[in-house]
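Chains as they are written, first to last, in our numbering: chain A, 1 to 298; chain B, 1001 to 1121; chain C, 2001 to 2620; chain D, 3001 to 3130.
Hints may be right or wrong, so weigh each one.
If the Cβ cut is set under 7 Å, some of the chain A residues that face chain C in the computed set are [said to hold, decoys possible]:
{"#": "1", "residue": "E70"}
{"#": "2", "residue": "D101"}
{"#": "3", "residue": "C118"}
{"#": "4", "residue": "S138"}
{"#": "5", "residue": "V159"}
{"#": "6", "residue": "L186"}
{"#": "7", "residue": "N245"}
Footprint (simulated), chain D over chain A, 3 or more residues, beta carbon under 8 Å [to be verified]:
{"#": "8", "segment": "261-267"}
{"#": "9", "segment": "277-288"}
Hints are computed from structural coordinates only; laboratory data are not their basis. Don't be surprised by glycine CBs; every beta carbon is placed ideally from N, CA and C.
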Amino acid sequence: MSTQVPEEKEQSETEQEVNAETEAEISEGASYGDQRRDQRDAQRRQSVSGAPADIEGESFRLKVFRYDPEVEGKMEPRFDDFAVPKQKGMTVLDALIYARDRYDTTLTFRHSCRQAVCGSDALFINGRQRLGCQTQISDLEEPVRVEPLPHQDVVKDLVVDMEHFYDQMHAVEPFFQPEEDPDGDLEEYRQTRENREKIKMSTRCIWCGACMSSCNIAAGDNQYLGPAAINKAYRFAMDEREGENMKEHRLNVMDQEHGVWRCQTQFSCTNVCPKDIPLTEHIQELKREAVKQNLKFW
Amino acid sequence: MAERYSSFQSGSASWLFQRVTAAFLVVVLAFHFFLLHFMNHASEVTFAGTSARMSEWGYLVTMVLFLWTGTFHGVNGVYAALLNQGLTGTKKTAVKGILVVAGLALAAQGTYLALVMNGMV
Amino acid sequence: MHEHDVLVIGGGGAGLRAAIAAHEEGADVAIVTKLHPVRSHTGAAEGGINAAIREGDDWELHAYDTMKGSDYLGDAPAIETLAQDSPEETVQLEHWGMPFSREDDGRVSQRPFGGLSFPRTTYAGAETGHHLLHVMYEQVVKRGIQVYDEWYVSNLAVTDHDDAEDRECHGVVAYDIKTGAVEGFKARNGVILATGGTGQVYDHTTNAVANTGDGAAMAYRAGVPLEDMEFVQFHPTTLPSTGVLISEGVRGEGGILYNSEGERFMFEYGYANNAGELASRDVVSRAELTEVNAGRGVEDEYVYLDMRHLGEERITDRLENILHLARDFEGVDALEEPMPVKPGQHYEMGGIETDENGETLIDGLYAAGECACVSVHGSNRLGGNALPELIVFGARAGRHAAGADLGEAEITKGKTAEIEEEDGLDTPVEPGAVPSGDDEAVADGSDDVAADGGAAVVDPDETVRRAVERERTRIEELMQKDEGIKHSDLRADLQQSMTENVNVFRNEDGLKQALEDIREVREAYQDVYVNDPSRTFNTDLIHTIETRNLIDLAEAITLGALARDEFRGAHWRQEHQERKDDEWLKHTMLSWNDGTPELWYKPVILEGEDKTYEPKERSY
Amino acid sequence: MSQSYNRGLVEDFGRWREFTAGMWAWIFHKFTGWVLVGYLFTHIAVLSTATTGANAYTDTIQGLESLLVVRIMEVGLLAVAVFHILNGVRLLFVDLGLGLESQDKSFYASLVVTGVIVLASIPTFLEGAF
Ligand SMILES: Cc1cc2nc3c(=O)[nH]c(=O)nc-3n(C[C@H](O)[C@H](O)[C@H](O)COP(=O)(O)OP(=O)(O)OC[C@H]3O[C@@H](n4cnc5c(N)ncnc54)[C@H](O)[C@@H]3O)c2cc1C
Ligand code: HEM
Ligand code: SF4
Ligand code: F3S
Ligand code: FES
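Given only the sequences and the hints, what does the whole structure look like? Please build it.
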């Protein structure tokens, strides 16, 4: 674990000048508020160009896992430290973007929506799976330690290989399979409010993979479907529009060695799910349903 | 998915039995502990005492059941734990075999023992 | 080289729908997308899908509302197609299992939305887009459609005929983000661009970081005109640090806007004496910015949206998700303190010129979704009209590309006899590509098409191969430089200038300033370099390429905004505060012309199937 | 696929500080379960002395019981058994879908109750061992 600050410093000097110029021009003729904002931004850039110690005001330490299979010096995993100024409302994702754009453009992580709907940035933050964009710095102890999701292959820095997760999601026939069409043109399937309410939570999954990463069973048994995929199956099994026979089929898919029975009710998945999906509860319900169905045949 | 003819094949049976045996064990294990550590102190156990208890048919049956459920529960638990660690293929079959044999041996020996204590053998 | 019948670029709502439609027509389809499909920004849409599926409603009313909302800048054939197809497409989603909210009788619920004469917005909780995206991805999985995810499409493979109209698109060049391989994808039938919005042109947006308008920029440089780019919708209540949208529901329930002096400015300064906070999006956005510019903004940046007076009970009952949003993304407890809000870029009404079948000027090239402009939204999009656009025009583009006969399109493409040229636009700097000077390849790829003046390449395979070569060289160039300017600084400068000058608030000086700034950024981009030497997941490189696209789009938006000296829909000009129907019932078109942008105009089509829409005052 | 670096143990038990209630419960339950099976086997082995004769049985048991280590190990066994039972009951509830919201609390409760029972039983268990 090296705690060095990345080697960008020489370059950032030249950039600084270029920025200072463009900055000055933009400010001309701008309104009062804009000028103030410019000044503040200019200060911000100044202050971070040097060593982290230069930052005015409060800052915090961000420790980030670094690894690149093909770059000298990064092949051996290490942690890099970045000093990031504290701002109200700042999330871990903001801090990472700050560190990347100001200090080290090679810092790599997935992100897109910044609002907890795309599921790109599930990370291991201070020892827990969380979405970077959904985690306020002010809620964390310092230093803030950011690592890629455990139990998944690291591609580079904070990026992990999601293929296995996708494979498991695809393995549960994750698509609607109704038995019959509703009659009439432009007719919808009827679904009661209660039934929609029942599947509501399970439909909120954003495929972030946090749950899978937190589950020790999934870590041990690669074939275990994992909480997210089981939850996906739950979403369809419980949807009354699919019909009884289909439900039976869905339960059979779950009722296999590496299906629901692997779950040891660890609750880690439920704890970390950023969408608050009661995963353990859903898995348990499927187990009971499966047992009930099997008893019926007896 | 392959057609399934028997309904209990997938792990649901062992899962269910693990719970059922657990529920049964709660009662008997508590009884067992109480009887042999609190009512009669373990240090005062003698063959005569044991034998006397075992001569009661109800007690004998309970203890034998206790033994069998406990063995199933324990061995099945160990097996499940190993499966969770990703045990597959031939290794899995081998472990399963060993566990079944060990479990059966244990239960058989225990049953034989109980009958000895009962005085039947 | 990979080869498929139809290539769909982008896995958002539009792309997925297009892929499914093409697949149903029997085509061999593949989706190439820089994000895994479920990560697309369609997932962020909350409100709903407009569709006339109930008794008492009909598609004509929907079309009428949309035309009125567009401020008479939408094309009637497009709008009518949208309104006619939307019910079927929406019910199709339900048949694919979409968990719509339900009525007591078990049918899907609809709710009222701004600008609609009937409550026809079909919704699934506050997560309509999320469900739409996932349901369609499920169908893609079901059909086994091939998805190349985390492949970044960096350019189109288009023949290099001199005249854009003669060009044909035979595929794309894509960069495998995970391995760094640059590869060609050949499309036997067609390429469908569905790359989504352009929010990253601004520094404050409800759009995702990945919404960099790549498709629009690529099509533009390949010779397809961009249409109505100046019409950018801004949403008045977004959280300052992230741009996360705070729904209109808060103001609907009685939320109040305050400035830093604690004044209820919507009334105090007379921005909207009647409607107050509930005035239309553009009015409120402009009011907020005026306050900030007058020095009455909090931290010179935002204003407050206060809902504390509604009481905890009412808030938790009706606006619970707002509490979570404020908490998670701004660190604010909205029960205890007011929420900071400011206007943010939300939607780009303009885009790649297409007809109702999704076809562009270039043969074999299609576009659908937010990146396209069929012109459904005209100068202003109604809430709940983007999602139906994705499924209606996504499906049509997919079918057409796969060879289905959808009939002759009524909307014309490219320059026809009716167009009008613009020659008098006074720009402070020359827009367009930086001349490459010597023969050296230019890092920004401005020599995209017709570069070497030799015989035109028309063979499909050769076209793709050549495009791949060009991209390899361009990427090599970018990677080889050891020093220069970071793209992130350029992007920040560009975004800042756009936010300052081409925001809800537009005046001539500002727009000209923006053009100068964009020029400067464009020139600086010649010296951009990629710091990360790795071939593995090099986001530094990807973002650098994206920044180039942002520059072209920013310029297109600004040029359109400068040309259009009237106030229509989302476009407001300080010096010209009225709608000028005599002069401006026309689309602003911008052609790249191999590096020299050219502005021209195309008339709006107000004649519908069996009626003509007469421009009326847009008041609600 | 990816030539990625294996973070090894760091991913598993090296992370114990970051484990949550449910994970601890799982680990403890596993551990106690294994101890119990182990004990079951030894237990039967010890009792098997009965087959060689009444005295052998009595002597073995009383001989073992007179050892302090054995007494202490018995307390340990009690702790293990009580925890396994209590947590087992907790798991049974979880399986029935009851009280899932308080799964962490019930784990802590199992721990506390185990502690109390064990402490209270020490006198009985160690009686006469000195
Ligand atoms: C917060 C928010 C709320 C909204 N609410 C509503 C609403 O209630 N109702 C409504 O109707 N509309 C709403 N909208 C608008 C609507 O959601 C969007 O216009 C629409 O989702 C865009 O869909 P799309 O398929 O065109 O693009 P996206 O969903 O953005 O997808 C773009 C796709 O293109 C891919 N891509 C981009 N560039 C490349 C490249 N270079 N190479 C390869 N792939 C690429 C991306 O990976 C992605 O998969 C909302 C928008 C926002 C931001
Ligand atoms: C007395 C009441 C008991 C109860 C309520 C009980 C309950 C349980 C339950 C519910 C499980 C399943 C855990 C899971 O799969 O998630 C389990 C596992 C187990 N039990 Fe018991 N049990 C009891 C007694 C015993 C006894 C006497 C033994 C020893 C013979 C034992 C050995 C095991 C083992 C080895 C496991 C597997 C642990 C693992 O997952 O590694 N249990 N117990
Ligand atoms: S279930 Fe929750 S944690 Fe798991 S992938 Fe879905 S959203 Fe993420
Ligand atoms: S963490 Fe794993 S063991 Fe079950 S409850 Fe969740 S899937
Ligand atoms: S960036 Fe999309 S979930 Fe965090």
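Hints versus structure:
Restraint check, E70/A versus chain C: the minimum CB separation of about 6 Å is within 7 Å; hint holds. Taking 7 Å as the C-beta contact cut-off toward chain C, the hint placing D101/A at the interface holds, the least distance being around 4 Å. Checking C118/A against chain C: minimum C-beta separation of about 4 Å stays under 7 Å; hint holds. Annotation: S138/A was flagged as interfacial toward chain C, and the flag holds, the nearest CB pair being 6 Å apart, inside 7 Å.
With a cut of 7 Å, the hint placing V159/A at the interface with chain C holds, because the nearest CB-to-CB distance is about 5 Å. A least Cβ separation of about 5 Å between L186/A and chain C falls short of the 7 Å threshold, and the interface hint therefore holds. Annotation: interface hint on N245/A violated; nearest CB of chain C at approximately 16 Å, more than 7 Å. Coverage of a stretch by a chain is defined here by at least three residues with a beta carbon nearer than 8 Å to that chain's beta carbons; for the segment 261-267 of chain A and chain D the count is 4, and the condition holds.
Against chain D, the segment 277-288 of chain A contributes 7 residues with a C-beta closer than 8 Å to a partner C-beta. That satisfies the three-residue criterion, and the hint holds.
Hint compliance for this structure: hint 7 is the single one not met.
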